[in-house]
Amino acid sequence: MSQFEYLRSVSIGQYLPLDSLTHRLDPGAKIVGFSLLIIAISIANNLYSLALALLVSAILIAASRIPFSFAVRGLLPPLPFLVLIATLQLVITPHPETSAAIFGVWRINIYSEGILAALKLLLRFASLLLILTTLSSSLSTIEMINGLDLLLKPLQQIGVPTDNAVLLVQLTLRFIPFLALNAEKIAKSQASRGAKWDTPNGKLINRIQQIIPLVIPLFITSLRQAENLSTAMLARGFGSSTARTSMHTYRFTLRDGVFLLFLLFTSAGILFLF
Amino acid sequence: MAALIEILNASFQYHPQHAEPIQALSNINLTIQSGEFIAIIGANGSGKSTLGKLLNALLIPDSGVVQIHGMNTRDPGNHAAIRAQIGMIFQKPQDQIVATTVEEDTAFGPGNLGLPSNEIRDRVAFALSASGLTTYRSRPSYLLSAGETQRLALAGVLAMQPVCLIFDETTAMLDPAGREMVIEQAKALHRQGTTILFITHLMEEAAQAERVIVLDKGKIVMDGSPRQVFNQNIEEIGLEKPTALAASRMLRPFIPSLPDDILTKEDLFNHIPHYEGNQSAPSQARKQTAPVQSNITAKNLSYTYMLGTPLEHQALNDLSISIGSGSMHGLIGATGSGKSTLLQHFNGLLRAQSGTLSVFGMDLNYRKLDTRSLRQRVGLSFQQPENQIFNQYVGDEVAYAARQLGHSGTLANAVKSAMEAVGLDFSVYKDRLTYTLSGGELRKTALASALVTKPDILLLDEPLAGLDPLSRKEVMEFLNCMHDAGLTLVFSTHQFDGIIGEMDAISVLQSGKDITHGTPTNIFSTKDSKLPDALRPPFATELCTVLKENGWPVPAGIVQLSVVIEMVSKIKKRAHT
Chain L
330 MSQFEYLRSV SIGQYLPLDS LTHRLDPGAK IVGFSLLIIA ISIANNLYSL
380 ALALLVSAIL IAASRIPFSF AVRGLLPPLP FLVLIATLQL VITPHPETSA
430 AIFGVWRINI YSEGILAALK LLLRFASLLL ILTTLSSSLS TIEMINGLDL
480 LLKPLQQIGV PTDNAVLLVQ LTLRFIPFLA LNAEKIAKSQ ASRGAKWDTP
530 NGKLINRIQQ IIPLVIPLFI TSLRQAENLS TAMLARGFGS STARTSMHTY
580 RFTLRDGVFL LFLLFTSAGI LFLF
Chain A
74 MAALIEILNA SFQYHPQHAE PIQALSNINL TIQSGEFIAI IGANGSGKST
124 LGKLLNALLI PDSGVVQIHG MNTRDPGNHA AIRAQIGMIF QKPQDQIVAT
174 TVEEDTAFGP GNLGLPSNEI RDRVAFALSA SGLTTYRSRP SYLLSAGETQ
224 RLALAGVLAM QPVCLIFDET TAMLDPAGRE MVIEQAKALH RQGTTILFIT
274 HLMEEAAQAE RVIVLDKGKI VMDGSPRQVF NQNIEEIGLE KPTALAASRM
324 LRPFIPSLPD DILTKEDLFN HIPHYEGNQS APSQARKQTA PVQSNITAKN
374 LSYTYMLGTP LEHQALNDLS ISIGSGSMHG LIGATGSGKS TLLQHFNGLL
424 RAQSGTLSVF GMDLNYRKLD TRSLRQRVGL SFQQPENQIF NQYVGDEVAY
474 AARQLGHSGT LANAVKSAME AVGLDFSVYK DRLTYTLSGG ELRKTALASA
524 LVTKPDILLL DEPLAGLDPL SRKEVMEFLN CMHDAGLTLV FSTHQFDGII
574 GEMDAISVLQ SGKDITHGTP TNIFSTKDSK LPDALRPPFA TELCTVLKEN
624 GWPVPAGIVQ LSVVIEMVSK IKKRAHT
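Protein chains in written order, with this note's numbering: chain L, 330 to 603; chain A, 74 to 650.
For the record, the hints were derived by calculation from the structure and aren't laboratory data. Glycine included, every Cβ here is placed at the ideal spot set by N, Cα and C. Hints are not guaranteed to be accurate.
One side only, chain A facing chain L, incomplete, derived with CB under 7 angstroms [said to hold, decoys possible]:
#, residue
1, N129
2, I133
3, M161
4, A172
5, T173
6, F181
7, G184
8, F199
9, L262
10, Q461
11, Y473
A few chain A positions that, by computed beta-carbon distances, are all more than 12 angstroms from chain L [as the list claims (entries may be wrong)]:
#, residue
12, Q258
13, F342
14, N486
Okay, chain L solo, but in the shape it has when bound:
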């Protein structure tokens, strides 16, 4: 096993060419449905709602035939940061004067409000990450471009340059695996020349110290790559004509309708049920 296979632990932004219910859906329906869900999860402020959201993301992962281990592995890299923020929530969440501390550690008292806030934060991020993983695993970049084209058509007709928005979304998603691969190359190159990348039992402070010399070259190589990529896209005619077409013809079918309704009801459920 190599600690340098960063791509292996990145699950967002990796399209998985599988054959599943979600993969076959109309891209427009998929983008709208998942967006509804993401908005609902972001707004919801109730423990039960967020638990329901986690359940829904599990159902969607299963419906997309994405291996659970693959999806869950994507939660690991941001986990230290989430735990850090959750701990802060635990300590600093305001509580009514009347409520009694559940327990105290050293001079810090922990109240039930703090625990609730920390739990909600973890649930919210976990379900959001899983939903984004499911979306990016089942929606290829071209489907994304075509879906957004369709959805943004009204805006385009009133003269908003939607091409740039589509390009932005496309480049951002395209760059998640790119960033992982670039980081891998730089880290390998530094480790080959003696950087302590793979010394085991690194403390948090050591890991942060390692990240700094990685981030700057990562930005530089990635910006250069972004420039090359946009040059290549222009060379292949992107943006020089407005009538973009696709190799697939999409038809909004009953299945897409059922799927959209399902996500509409779940989103409403997350928001209003509890």
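Let chain L serve as the given structure and place chain A on it in line with the hints.
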């Protein structure tokens, strides 16, 4: 009707931040008619890529005019029409892949042209089969090997069916079969009427064009048929003659019947006369190889990337290899055969998923392996230097390993001797910004930074790829020098012709396995040797085969051109006495 491409007095300057502007092209005048097949050659940094980008309006000249079918590139309204006609395949294949799957990436260009769906599907199917990617159609595009990515880049442009196609060093990262595929593809398209502009560092490829344009420091210095161009003294500007031409010049004193205008291998082989003299083979000085201790021993290595995900793919499959101390060991094989993965095992970057590996007697599977002391003795330089250089200044880049791992003497002296070993002048280059370096300088910087800790083993991934003839020669000299100094050198390469005579051993990899290994002579002497389809024997070996077929008593297993010439001269001299 206007010419396809017309360039009038065009100049172009790059303006890097904190550095002097770079005059990439100055006062270019050029006319290209529909249906021409043109090779563009020149040293690294001579302006070839810039010229290509002017033609499909990716760059607009600072002064002067570029017209495509009479359409000026300066007018943005023309860009859609120009880019639909002029397709371009770039130097770095991984930077031009837009979509996440092979099929969808191929469909990107036709989609932008606004073609109907069924037409796009037909074009995608055609382009994928033409570039040999049909079985890859649903693979994620970012997980392809360098060679496969290059093919995908070709497919993406072929699907747009342009009237003119620019290949910008498209063959640099490919294996020999892949290179042949690209040039055959270019020729086939040319026969169907497509105009081809082939930018390349390989003179053998340029020799196959109808017209060769030579750039030097942003100016067109020669423009004519391959015959006219290669008869001139192009060595002066860092280029070289095609191997077949150079070989025929060396053979002519002994075989006067050879015409003096030979350019390609086929040409030369067809003109080898029949020999009917004494059939005993002349004696040949054989390189004696004493058995040496091995300092890298691997047994049954296997490695799978993305293990445990739906995207897993196997790179090494039960591979065993042993590398002798002080030897120069070549790894050859098709792109994607596991060479890079293997090299990254040897300094502990990748740990074997199964099998054993020992380097200098250290067990690399040991969990608490002291990787730093291993890496001080085993230097590694990666395939694309621009991805591994992470410092702003050349001096810092080279010094990095020495700062991390220690060095003998002062740091400045360690850096200086490493830079001078690769041919970079310390006082000139130590304060150069790394992003202003040319391809050859980048490669040398990467080599120097692996050398600075004075390692005993140097691992080099494709050190000769993407270099112009002069830099290629310099890097080969560097490798020979290190070999003579007693270092163990392990490198992967697709371009082994110039260095094969120095190699002590070769391992041929295919699908993650070591299918055969031995001395270069052994590997290429047996006619039925199991070489993978992607590989070609060295030029000298092919020449020997042709000589033999024509009755010349040349000994078997020659891999160096100079030895072939020596044998032919001996045979001829014997006939005279």
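These are the hints, each one checked on the structure:
| no. | hint | verdict |
| --- | --- | --- |
| 1 | N129 | holds (6 angstroms) |
| 2 | I133 | violated (12 angstroms) |
| 3 | M161 | holds (5 angstroms) |
| 4 | A172 | holds (5 angstroms) |
| 5 | T173 | holds (4 angstroms) |
| 6 | F181 | holds (6 angstroms) |
| 7 | G184 | holds (5 angstroms) |
| 8 | F199 | violated (12 angstroms) |
| 9 | L262 | violated (17 angstroms) |
| 10 | Q461 | holds (4 angstroms) |
| 11 | Y473 | holds (5 angstroms) |
| 12 | Q258 | holds (18 angstroms) |
| 13 | F342 | holds (39 angstroms) |
| 14 | N486 | holds (18 angstroms) |
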